[in-house]
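Number of protein chains: 2
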Amino acid sequence: MKNETVNSGYRLGLDIGGTKMCAVLLNGEHLVEHYRLSTPKEGPRHFWIMAVAVLKPLLERAKKDGKNIIGLGLGIAGTIDFRKQKITNSPNLPFLNGIKPLEKLTENLKPSYPLFLDNDANCFTRAEAVLGAGKKFNNIYGITIGTGIGGGLSLNGEIYQGAHGGAGEPGAMLVDLENKITLEDAYQKLTQNNSRILAQEAYEGDPLAEQIFQELGEYLGMIFANIVNIVDPGIIIIGGGTAAASDLFLSTAKQVMTEYIENPEARGIKIVKSKLGELTGAIGAALMVK
Amino acid sequence: MKNETVNSGYRLGLDIGGTKMCAVLLNGEHLVEHYRLSTPKEGPRHFWIMAVAVLKPLLERAKKDGKNIIGLGLGIAGTIDFRKQKITNSPNLPFLNGIKPLEKLTENLKPSYPLFLDNDANCFTRAEAVLGAGKKFNNIYGITIGTGIGGGLSLNGEIYQGAHGGAGEPGAMLVDLENKITLEDAYQKLTQNNSRILAQEAYEGDPLAEQIFQELGEYLGMIFANIVNIVDPGIIIIGGGTAAASDLFLSTAKQVMTEYIENPEARGIKIVKSKLGELTGAIGAALMVK
Numbered sequence: 001m002k003n004e005t006v007n008s009g010y011r012l013g014l015d016i017g018g019t020k021m022c023a024v025l026l027n028g029e030h031l032v033e034h035y036r037l038s039t040p041k042e043g044p045r046h047f048w049i050m051a052v053a054v055l056k057p058l059l060e061r062a063k064k065d066g067k068n069i070i071g072l073g074l075g076i077a078g079t080i081d082f083r084k085q086k087i088t089n090s091p092n093l094p095f096l097n098g099i100k101p102l103e104k105l106t107e108n109l110k111p112s113y114p115l116f117l118d119n120d121a122n123c124f125t126r127a128e129a130v131l132g133a134g135k136k137f138n139n140i141y142g143i144t145i146g147t148g149i150g151g152g153l154s155l156n157g158e159i160y161q162g163a164h165g166g167a168g169e170p171g172a173m174l175v176d177l178e179n180k181i182t183l184e185d186a187y188q189k190l191t192q193n194n195s196r197i198l199a200q201e202a203y204e205g206d207p208l209a210e211q212i213f214q215e216l217g218e219y220l221g222m223i224f225a226n227i228v229n230i231v232d233p234g235i236i237i238i239g240g241g242t243a244a245a246s247d248l249f250l251s252t253a254k255q256v257m258t259e260y261i262e263n264p265e266a267r268g269i270k271i272v273k274s275k276l277g278e279l280t281g282a283i284g285a286a287l288m289v290k
Numbered sequence: 001m002k003n004e005t006v007n008s009g010y011r012l013g014l015d016i017g018g019t020k021m022c023a024v025l026l027n028g029e030h031l032v033e034h035y036r037l038s039t040p041k042e043g044p045r046h047f048w049i050m051a052v053a054v055l056k057p058l059l060e061r062a063k064k065d066g067k068n069i070i071g072l073g074l075g076i077a078g079t080i081d082f083r084k085q086k087i088t089n090s091p092n093l094p095f096l097n098g099i100k101p102l103e104k105l106t107e108n109l110k111p112s113y114p115l116f117l118d119n120d121a122n123c124f125t126r127a128e129a130v131l132g133a134g135k136k137f138n139n140i141y142g143i144t145i146g147t148g149i150g151g152g153l154s155l156n157g158e159i160y161q162g163a164h165g166g167a168g169e170p171g172a173m174l175v176d177l178e179n180k181i182t183l184e185d186a187y188q189k190l191t192q193n194n195s196r197i198l199a200q201e202a203y204e205g206d207p208l209a210e211q212i213f214q215e216l217g218e219y220l221g222m223i224f225a226n227i228v229n230i231v232d233p234g235i236i237i238i239g240g241g242t243a244a245a246s247d248l249f250l251s252t253a254k255q256v257m258t259e260y261i262e263n264p265e266a267r268g269i270k271i272v273k274s275k276l277g278e279l280t281g282a283i284g285a286a287l288m289v290k
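Line by line, the protein sequences give chains E and Y. Residue 121 in my numbering is what sits at position 121 of the first sequence, and the numbering runs on without skipping anything. Residue 260 in my numbering is what sits at position 260 of the second sequence, and the numbering runs on without skipping anything.
Note that these hints are calculated values from the structure, not bench results. Among these hints, one or two may not hold up.
A pair holds if it fits inside one copy or across any two, identical chains being indistinguishable in the list.
What the hints assert, rightly or not - When the alpha-carbon atoms are kept at most 30 Å apart in a straight line, the in silico BS3-like pairs for lysine-lysine are as follows: (1) Lys189 to Lys20; (2) Lys20 to Lys56; (3) Lys189 to Lys254; (4) Lys110 to Lys64; (5) Lys86 to Lys136; (6) Lys104 to Lys20; (7) Lys84 to Lys110; (8) Lys86 to Lys270; (9) Lys63 to Lys290; (10) Lys56 to Lys270; (11) Lys100 to Lys84; (12) Lys270 to Lys20; (13) Lys84 to Lys254; (14) Lys180 to Lys254; (15) Lys104 to Lys67; (16) Lys254 to Lys86; (17) Lys270 to Lys100; (18) Lys84 to Lys270; (19) Lys84 to Lys136.
Generate coordinates for the entire structure from the input sequences, incorporating the hints supplied.
Quick look at the structure:
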């Protein structure tokens, strides 16, 4: 592989979500080591200390293996101003709003290698496109359904950022104009920030919980159809905590989606679950390092 | 210019819409001649005779100038199966459903040059991207609002077709899930296939007509926001008959759009009218010829 020939070091990936911080160490595309901690929510000071702490075991492993770190990719939940390398809106980690995370990480980590920034849903999509369920496709749309809803579009192996870095925000799409409800609004209202317990109730046969996932499926189907009608990806890949319960909503989503896809050729599009599991975001962050 | 150096012939472009057939003759990117006829709706036989007739004055001009035709691009209103080069759905010209238009044109025209096919909204977007209002942008979203609503996405000078040729169908997007109303449905219901007369009434101060354009503006704003949240173009360019009356709905559309764009950087996106006017589609068809 080119990366291994030209540069024999390891790549670091750090994925910071609303619940967990995951870090991975890659040798080429091979996972060497990973580590995970809960995301501290008390405020910035403890947050950055922990962001460095989650990397420590991996830095030690690289040292033990006699390998350099050639770069670190950071994936973070929130909207990013890529020009300024600044977080403009992180609903689940509000103390990050207005922060330049690579500067903060540099201060605390003092790295001798370059750092790269992206949002977590783009990292998810990148990893699935390069190493996961999207490997055989040129156009991949990834959607993360977890604490919030995120998305990313990969075209020919590269994340498509758009003109202002604002591409791939399915959560912001309106599902109800009259009542001004976005997919993210509808998702939060339906799941009440507790989709795991709700899924358990649905699996135990609670009709109200089942109904909620049906409704979620309808909203997602509408948004999937919108995505196909605009960018017509070869595959849609879903991930995040709620995707684990996809059998509760995915068949409804597919049914609604198919009904509203304009091009008959595009109606057979597959929607599949992430192949790389919990580490997808961190792997996708590491893959930013070239 | 490269095209002129390598190949000194003229390019033909033919745009077939629900109302008019427009043909252009290009020398490089320069318009040499154009011609226009009404689209016959009686059935296929007369239709293909007229499609050849609209090209005749241009073929004669090329001959007079001592120039070869190096190719013809055909833009047509409807959904296209690009793999089979077949029209799958043409709501305004239903006798074209299931037809391979390039085969039909070849039978009737007997050309000695290659033919290329695309839908009319992609042709509109291509022309505006290469020669019109999108010239200075890498990512352009074009929307045609005329007999129906179409769209196209141009990335770095090329039309993005998607995995199944189904990209850029804003008319198919849902604006109301509960009542299963797409933008195209809402548009047809609001304008009753008569947006020109409706616009005149609104300009004369008819409150009902004004109200209808306000509603159209709200729906379009919702769809513009969806487009920005998914593909984040550098500019949105509108064309088609109804776009001429854009002062009746565009400020409402922009207001609704801005409210629902997730990324603050993307909120300043410009929505402008086509620069090339009535011939845009035919020019974009000719530009398919390389």
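Provide an ascending list of the numbers of those earlier hints which the structure does not satisfy.
10
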